[in-house]
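The lines below spell out each chain.
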Amino acid sequence: MAFDPLEQHLLNLTRRRFFGKVGATMSSALGAAALTSMLARGAGAAGDQPRLMLPRGPHFAPKAKRVIYMHMEGAPSQLDLYDYKPGLRQRFNQDLPDSIRQGQRLTGMTSGQARFPVAPSIFRFSRHKNNEDGVWLSELLPHTASVAHEICFIHSMHTEAINHEPGITFFQTGTQQPGRPSFGSWVSYGLGSSNANLPDFVVLITQGIGNMQALSARFWGSGFLPSEHQGCRLRSGGEPVLYLKDPDGMKREDRRAMLDLVSKLNETEFERTLDPEIRTRVAQAEMAYRMQMSVPELTDLASEDQETLDMYGPDVKKPGSFAANCLLARRLAERGVRFIQLYMRGWDQHGNLPGEIRAQTGAVDQPQAALIKDLRRRGLLDETLVIWAGEFGRTVYSQGTLTTETYGRDHHPRCFSMWLAGGGIKPGVSYGKTDEYSYNIVENPVDVHDLHATLMHLLGVKHELLTFRHQGRDFRLTDVSGKLVRPIMV
Amino acid sequence: MQELIQVFGRFHPLVLHAPIGMLGAMAIIEMLSLKRQDESVRRVFCGLAWLTALAAIVAVASGWVLEREGGYDQVIVDRHFNLGIATAVLSTLLAVSSHFKAHASPRRGLLVLALLVLVPTGHFGASMTHGEDFLLEPLAKKNESSTPKVQDPGQPALRESPAANVSTASLTGGAPAPNTGASPDLFSKEIAPILADMCLKCHGTSKKKGGLALHTPDAIRLGGDGGDVIVAGEPDASEMLLRLRLPLDDEDHMPPEGKPQPSGAQIAAIEAWIRAGAPMPGASAATPTDASPVVDSSATQAAPVEPVKPKGPAPASAEAIAAIRGALVHVEPLAADSTLLVVSFNAIAPTVDDALMARLLTPIRDNLADLSLGRTKVTDASAEFLAAMPRLRRLDLRATSITPGAVEKLAASGSLEELVLAQTKLSDDVVATIGRMQDLTHVYLWGAGLTPEGIARLRSERPELQVDAGDRLVTENLGPEAELKFSSDAPLPGVATAAPASLEPINKVCPVSGDPINPKYLVLYDGKVIGFCCPNCPKTFWADPEKCLAGLKK
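Top line first, the protein sequences correspond to chains A and B.
Going by my numbering, the first sequence opens with residue 1, and the numbers climb by one from there.
Going by my numbering, the second sequence opens with residue 491, and the numbers climb by one from there.
Any given hint could be a false lead.
What the hints assert, rightly or not - Pairwise CB distance ranges, derived in the manner of DEER restraints:
#1 B/613 / A/255: 51 to 57 Å
#2 A/235 / B/841: 23 to 29 Å
#3 A/115 / B/1041: 24 to 30 Å
#4 A/265 / B/586: 56 to 62 Å
#5 A/60 / B/735: 16 to 22 Å
#6 A/214 / B/606: 53 to 59 Å
#7 B/922 / A/87: 54 to 60 Å
To be verified - Some chain B residues flagged as far from chain A (calculated, every beta-carbon gap over 10 Å):
#8 529
#9 555
#10 593
#11 598
#12 721
#13 949
#14 953
#15 1038
#16 1043
If you are wondering where the hints come from, they were derived from the structure by calculation, not from laboratory data.
In this text the structure is predicted, and so the values were computed from the model without any measurement.
C-beta: ideal position from N, C-alpha, C; glycine also.
Just chain B, same shape as in the assembly (with noise of 0.2 Å):
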């Protein structure tokens, strides 16, 4: 039933010429009985619209379904939809208004809005099909050479394959970091597909716009009219990259604006790819004897452009990742371009044992990065659990109740890193057993059990080691400024200044006020010390010094 539907769907670019005509003969018609009405006319008329009527519904049904098939740019879809109903609805308003064989002029003005929607109706579905910049394209290519390059025979085509997940791509890894096991299975398993999905209907075996083809490796290494399409190991200077990223609306965008376009997790990914050296299994051009299909991921020749390490681990799945999800566990990746993952069980901490952190982690215990079990109810049985994570680097265990035996076990850890044992209840055992973990750089130690000395035997045995025992909180005051003293009487323009001969001032009393001074408030004047009560007097006394200091000597 539903391949029936299908195949009634694709009738659609056969049934909508029928209305298109039929409305054209029905103009043809309306012209030529503007002069002479003849009833026999008017029938014709009449059944003709009522079959325009019933093919426009039929052309909007078999369209709907066509459309439910995808791989249409929305925007247009809708627009060409949108005003398929109204032509359906128009034409159905003619065939009943044919009936009124007194009134011509709803007839006539109906016939014209028809025929004023179907071009716009006609032009987008017609955009769909040929793409939107077809039929002016003769036009604004006319300067460019559209010369195909000769394609390679030995390589076989890409494959059209279904879009990759692009909302979960990031977490299992849509696009692995340089690093991270860049090979030639990350052309065949992302960038593939994307260009199959997004680039190979205008840049493929039966277009080659621009001159570009991008359906094998050497096709891809070639390059268009305009020269190389990416630079290994250069996303800023290739052209593919830059093309990608410019605004929608810009006449060198591509994919061209009302095509599909790729998310910007795509893009990242073809990003990363030519930022890992653009690998690409099958032979550059100057083997082609090594031709072979690049979507076959077994491919195993070694990348062509720079060595990458094969380290990275495989993406996690996405069915784990929903486990955890699922459980109120948080789980991020640790970058946007890496399969790692941190992983933190502080939402339902107390409510976590053992058996639920093993069967949420075991799927994923390769890509774990950095794991948070603090106040969780885990124990000692994980320990062996959690010293198998082979590329687990950083794990807290604060406020658990682990015990020594824990710590030995988590010793096996190849990765570790930064380990948190704050708030838990170790001994000094525990100090030999840290000493050999030769991967760590970073213990916390705070209310762990441990005695001071065993913090300094542990400080001693491995000096590079950050010991975080909550014991180094404070820092030390390195003593306090002189005494305060407030004055004004920095040289001043226009007052001459000499050396005292002693700091101590020469009167007791305020010169101005009256008051005992304050030894804070001190004016050098005439290289005499003169001592004020507040800071305020010296204005005063500045304003006429001589008359102040005779009052003083009265």
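So that you can see chain A by itself, here it is in the shape it has in the complex (with noise of 0.2 Å):
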């Protein structure tokens, strides 16, 4: 049993079939009675039979050991970082064609605009050497563009939404509607830990310079997943857990008598009430402690040396900043953390686009590219997919005024891109193409079912078969959808 803690929790009684069962009875004076002789029996006598498809663990031999994800919160612009359209340069300032718009929906940010004058990106790109006929990518990125021959680029992600919101709630969870559990939740529960001294799923996030929306804590929630699978934020400044330090003059021996007694009533009340969170706080409770140990080994950077500090950038030792949570992230995988997620924000260039860009480039390039290379020669890039999108891309033409020097983009769900690395995932390639607009997809489009599926596939889960019941139904990751993109896979 306790080999199975997935397959445990589904014996248990949740509080919905308990009450049932009560109301069921023949009277509340019966139920009482009834009641009492539930509880005699106990959890271990609970009747359904979980709908598990397989244990917790791999279905298949993985590709891919954990993740690290970066998601570029505000949805950075394609046009001007991935998509290279020189031809755009002799269109500006024309109106995008109407063949091309297709009286697609705008944002209301723009939908009143006169007309929609076609912003060429002012970046200059240059081809860089990969595993094809090289690879287009923009000033902006000169580190990232160095790792190139282990990037698989792909220029064909669309979406559903057209607002940040559901962009990356649909992004984090596989739906629009908030309240499903997040991806790194899915693998959490999935796969279960592999470092019992942390938390299985990390939550690290940058504040980024311009434009930047809510962030909300159910981006890495759980949902209706136990709470255990929840994402843990480290905090940047100060203590990276709050009150995860005994106070002045408690013992840690003092820590585990209290923890043991606390589990102990516990307990108690959980056969009293079967309630599985409470099974689940006292995990915490003892993962805190745990934690009390290896969190500040995990954030102390004594041992890294200098060039290893250089490869980040000089932000490295800013707390908080996007290098000292690659850095952190590479320390998080180095120890077998499943889900490392990083927050970037500030991509939201609906004006004075080249100008913030140029700074969120400048905050995330050399870091990211440093995690690559630093994953590489580690021997752990192979075993760690690394996946670095935003929740959707940004429109051709300009928001607002349209100069050579400055313009804004708007949100655009149809077409984006995204890359990939390490784990699984064919280096040096890129996948799907767009118009000679950036403006549809011409070629190979992928979805962000099919991009969780295949996620899915490289940490050897089989998308359809990871569920939980709730409500009365099987819920899953990819919901009824999700196609396995295999041409990007080795």
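Now that you have both chains on their own, put them together as the hints suggest.
Pasting the structure below:
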């Protein structure tokens, strides 16, 4: 039993079932008698067979053991970073043809614009060697370009959402409506921990430079999965985890004794109410106890040599910077944490895009490239899946005034670029094509469900089989969709 | 004592009939006394009521004991039990109320209520012993033939066996992959117990529902009235698996709703077994002389359908796994249907030494496929132990204090494909050793003390070997695009263009603003290249080109 916490959990009665049974007895007086009888028998006697297809762990041998997911919150412009459209330079300030726009819905921010002038990127692209005939990348990403041979660029992502909140929710949970478990929670639930001293799912946030949209904790929430699978955010300033340190004068043995007593009390309560969240709470308290030792060790950079620190760039010692978080992500990866979620905020460049994107890429370019290199040379990249994506793309037409010095771009869900590297991903390739305006996909579209299915597959999980029964039906990350994108897999 | 209690429990099927009969009798008495009240009759009723209450309580108690033996569907047991308690409580209240001769209505109400509760109580009880569909089965099955198939007398029946330990089944090899040792043993060890627990009550010697029996390999091969139940090698064409996978409330789902259901791991085991060709010991129908007991794991006959490689290791013991987990070391199966294991010491790396590692891993050494010892304190002393692991495919010794001596010993391994030696204190001495490791496909040597010459030598000696030495992290820049030029003079509708004589602009100042031109913004008009100061001026220009050009000439 103890080997399989998931099955154990499913065997436990949920509250809903518990009260349902009480309600089914003849009357409340008899219910009380029945209650006693049920409680006397305890949790092990629950009758529902778990509908779990396979036990916790991969369904088949995985290519990747863990994930580092860099979410670029606010949606970076594919046109200024990855999707090279030299032809647009000759269409500066022309109106976007209706044949391209096809009456597509726009956000309220630009739907009232009199015209939609084409804004070519003002950044120069250069070609970088990869395993195909090279890949064009913007001058904004010189460091990322230097690891282009490790990266698989997808230019044909598309999503259904046109605004940040549903867009991020879709990417993080597989549906636009809030309330479902996040990707990381599904991975934690499906594969379990591979480091008993750290959470399965860690979240690191970097504040960006520009327009920042709300970043709610539910993006890394566990939804209806047991809450032990939710992301654990490591704070950037001060203590990485609040209230983790023992108060002055408290010895570690005292803490141990307290935890033992509390968990005994909790166990009594669990036997009374059979609420699985009680077990979660006990597990979390034990995890926190172990994290008192493991987190300081994790965040102490004394063991990093100067060459490594320099590689991540000048901000590496600045807590919360993208550089610091990338280094921390590598340290988490080498400690076996399953899912490391990084957020970089501030990509929502509706106006003054050139200025803001320069600042944003300045903050992420060197660290993210350093992360790839550092994982590579330590032998970790081949078993770590690295994801870099925003929640949608940005329009080819300018929002607001267009000049050759500045322009803005509105939200664009119909096509955008992202990249993957490491664990089971074909290195140095590009996948999917957009039209000459980077407005519509012309080849190999990939939707969010397809991406999730593919990533799950690389982790050794059949996305159709990793389900959780909730409100009377089996839920999964990919809902009823998700096709594997085989051409990008090794 | 335990046994006596158990016997008491088994009296439940006897005792339970007493309250049923007596409640019925009381109902008759009550009806007869509707017309005429008689004190002696009332006293009989009173005595009967107390006897009923006592019998009901005894029935509940014995039922509770019986239920603890297990084997019943928990949902139905719970319903039956709760209703049984209700019956006992109502009977007791009825007995009390029978003493109040002046008030007949509480008594009558309780009697009616008790009888009403009795019906579902009895129904759920009977569902457990006879099956849920017992009552209406003749109606439902009216059109189906139920001729039982003849059983091969040479085949001993399956023994009922305890359920496999499902929760550890995957780790300890509950469902071996087809290529890791599927054999008739698989059937005896994995499949037969599942069939015995889940199927034989209805598809065995005593009952053959649907003409199907599953108690011997031959009976399984024979199938039921609907044809074959398994198609070797094709799980998705096998009726048995299809039925198992149907939703629980589907009419064709097996085992029927209300009966104990196999776990996901057990279904997966059956699937793996069928995919492996459904090997079973004993004869096929053609050679009945080879009959042998199917549960006998010493059966040595070859699999009848597909030859399988006897390669996979025996599953690791659950105790060994528990010990590893107890030390906060991560262990997981390589895949759900594999007995191979992945072990990582990441969580406690700085405290791991040779002794601890050897103590935890010795019992599972045959199962290890992937081992991470990065950042631990293991030394050369462990190299021999690691090299002797027969199935170790990937070994991570990153940032440990191993020396070239350890690599020398590791070279003896016949299974290593990936070796992570980054951040170690090796030297060029290991180049020859690694060169000798023929199975190796990938080696990581960043910061391992090798010189660039050593790395180069290794690469030239073993060109097919991937050598990650941290020296090829940066890719080549193939050059930038041409200088950026923005324009909007791609042929606009209705504007004729001619080839320009020269690409040099004819003007020095912008015809719209009068500012100096920027060579980025050029427009082609009437065979001439015209420069502008900014990308917006061409818009104005196109509105009336001739007027602008006239202005330029002035």
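Taking the hints in turn, this is what the structure says about them:
Distance hint check: the CB atoms of residue 613 of chain B and residue 255 of chain A are about 55 Å apart, consistent with the given range 51 to 57 Å. In this structure the supplied range 23 to 29 Å holds for residue 235 of chain A paired with residue 841 of chain B, their Cβ-Cβ distance being about 27 Å. A hinted range of 24 to 30 Å holds for the C-beta pair residue 115 of chain A and residue 1041 of chain B, which are about 26 Å apart. Distance hint for residue 265 of chain A and residue 586 of chain B: a CB-CB separation of about 40 Å, inconsistent with the stated range 56 to 62 Å.
A beta carbon spacing of about 19 Å between residue 60 of chain A and residue 735 of chain B agrees with the range 16 to 22 Å that was offered as a hint. With their beta carbons about 58 Å apart, residue 214 of chain A and residue 606 of chain B fall inside the hinted range of 53 to 59 Å. Range check, residue 922 of chain B to residue 87 of chain A: Cβ separation about 55 Å, and the 54 to 60 Å hint holds. Every CB of chain A is more than 10 Å from the CB of residue 529 of chain B (nearest about 32 Å), matching its label as outside the interface.
Its beta-carbon lying about 13 Å from the closest one in chain A, residue 555 of chain B satisfies the requirement of being farther than 10 Å from that chain. At roughly 20 Å, the least C-beta separation between residue 593 of chain B and chain A is larger than 10 Å, which holds for a residue marked as non-interface. The claim that residue 598 of chain B is not at the interface with chain A holds, since no C-beta of that chain comes within 10 Å of its own (minimum 18 Å). The beta carbon of residue 721 of chain B sits about 21 Å from the closest Cβ of chain A, which is more than 10 Å, so the claim that it is off the interface holds.
No beta-carbon of chain A comes within 10 Å of the beta-carbon of residue 949 of chain B; the shortest separation is about 16 Å. Taking the minimum C-beta to C-beta distance to chain A, about 18 Å, the non-interface status of residue 953 of chain B holds against the 10 Å cut. No beta-carbon of chain A comes within 10 Å of the beta-carbon of residue 1038 of chain B; the shortest separation is about 17 Å. With a minimum CB-CB distance of about 26 Å to chain A, residue 1043 of chain B clears the 10 Å threshold, and the non-interface call stands.
Of the hints listed earlier, the one the structure fails to meet is number 4.
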